[in-house]
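Peer 1: Sequence:
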Amino acid sequence: MSIRIRVILILLLVGIVPTLIAVFGATAQVQNLAIRSNQATLEELAKATIRDKALATAQQVQAYLLLHPEIDLSDAAALQADQSLAALAVQPVGQTGYTAVFDDQAITHFHANPEIVGVDLSTLADPLPEFWAVLSASLDGSPSEGYYDWQEADGSIRRKFMAIVPVGDTLLRVAATTYIDEFAQPARAMTAELERLTGLARLYFGLFAVVVGLIVLGVAFYVGTW
126 MSIRIRVILI LLLVGIVPTL IAVFGATAQV QNLAIRSNQA TLEELAKATI
176 RDKALATAQQ VQAYLLLHPE IDLSDAAALQ ADQSLAALAV QPVGQTGYTA
226 VFDDQAITHF HANPEIVGVD LSTLADPLPE FWAVLSASLD GSPSEGYYDW
276 QEADGSIRRK FMAIVPVGDT LLRVAATTYI DEFAQPARAM TAELERLTGL
326 ARLYFGLFAV VVGLIVLGVA FYVGTW
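The opening residue of the sequence shown carries number 126 in the numbering used here; numbering runs sequentially from there.
Just so you know, these hints were derived from the structure itself, not from any lab. Even glycine gets a Cβ: it sits at the ideal position worked out from N, Cα and C. Please note: incorrect hints may appear among the correct ones.
What the hints assert, rightly or not - Computed beta-carbon distance windows for the label pairs:
#1 S247 x P268: 14 to 22 Å
#2 G271 x D294: 35 to 43 Å
#3 D200 x G266: 14 to 22 Å
#4 S209 x D251: 33 to 41 Å
#5 N238 x D177: 37 to 45 Å
#6 R284 x D251: 37 to 45 Å
#7 A212 x I282: 29 to 37 Å
#8 E320 x D197: 52 to 60 Å
#9 A202 x G266: 21 to 29 Å
#10 I282 x P194: 18 to 26 Å
What the hints assert, rightly or not - Okay, derived cross-link-like pairs now, DMTMM-like style, lysine to aspartate or glutamate, Cα gap no bigger than 20 Å in a straight line:
#11 K172 x E320
#12 K172 x E307
#13 K172 x D279
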């Protein structure tokens, strides 16, 4: 092999190899940054949706109470028996979530699970401390929100987010909650698509580098025959 060919090959390696490394490293960084950004954006959007649902439900409940001044909020049995109010109090949030209503003593009055109606939620302080921390912060009438672990009927634990707002100046509070993994479903789909596109970009660039390398090698050997 002539010195001229060797020089060309060295220049080829010096030029292409670092470029390949830089491109593959850059695409990996861009992919990771995009994934984190998408996940954070979707999660913030989901949290805003939950807050808005809690507020909208609280406003609907408040409007109903204003139209029915005969309702005695201290009469739990009569309150919970009001089916029209129950329809306003318990609404879906996303695919898996719901709203619920409790009072300033942490007694549940409306819930998607009938077995929880009438339950003193302070009894969950020990088994579900994060849940109680979010809920108890709302008992003085302040809005509250946060993440917590929730135990399913089968004993499994799933992560949830909850936003709580007061129903006007009444003793009632509306909580809107749903599972975090519902937030992650769009993010996972976007991540898979991003990984696919990044893989294609790397493949095309790799093929381009191979073609360029072959062309340069061909030129080098052609020049070497002069």
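Peer 1: Would you mind marking each hint as holding or not holding in the structure?
Peer 2: We went through each hint and held it up to the structure:
At roughly 19 Å, the beta carbons of S247 and P268 sit within the given window of 14 to 22 Å. Checked against the hint of 35 to 43 Å, the C-beta distance between G271 and D294 comes to roughly 24 Å, which is inconsistent with it. Taking the beta carbon of each, D200 and G266 are about 21 Å apart, inside 14 to 22 Å as hinted. For S209 paired with D251, a C-beta distance near 36 Å keeps the hint of 33 to 41 Å intact.
Taking 37 to 45 Å as the suggested C-beta distance range, the pair N238 and D177 does not conform, at roughly 23 Å. R284 and D251 have their C-beta atoms about 19 Å apart, which leaves the hinted 37 to 45 Å range violated. Judged by the Cβ atoms, the range 29 to 37 Å given for A212 and I282 holds: they are separated by roughly 30 Å. At about 58 Å, the beta-carbon gap between E320 and D197 stays in the expected band of 52 to 60 Å.
Taken as a hint, the range 21 to 29 Å holds for the pair A202 and G266, whose Cβ atoms sit roughly 24 Å apart. At roughly 43 Å, the beta-carbon separation of I282 and P194 lies outside the given 18 to 26 Å, and the hint is violated. Taking the CA atoms of K172 and E320, the gap is near 26 Å; set against the 20 Å cutoff, the hint is violated. A hinted pair counts as satisfied when its Cα atoms are at most 20 Å apart, and K172 with E307 qualifies at roughly 11 Å.
Among the hinted pairs, K172 with D279 is inconsistent with the structure: their alpha-carbon atoms are about 26 Å apart, more than 20 Å.
Checked against the numbered hints given earlier, the structure breaks hints 2, 5, 6, 10, 11 and 13 and satisfies all the rest.
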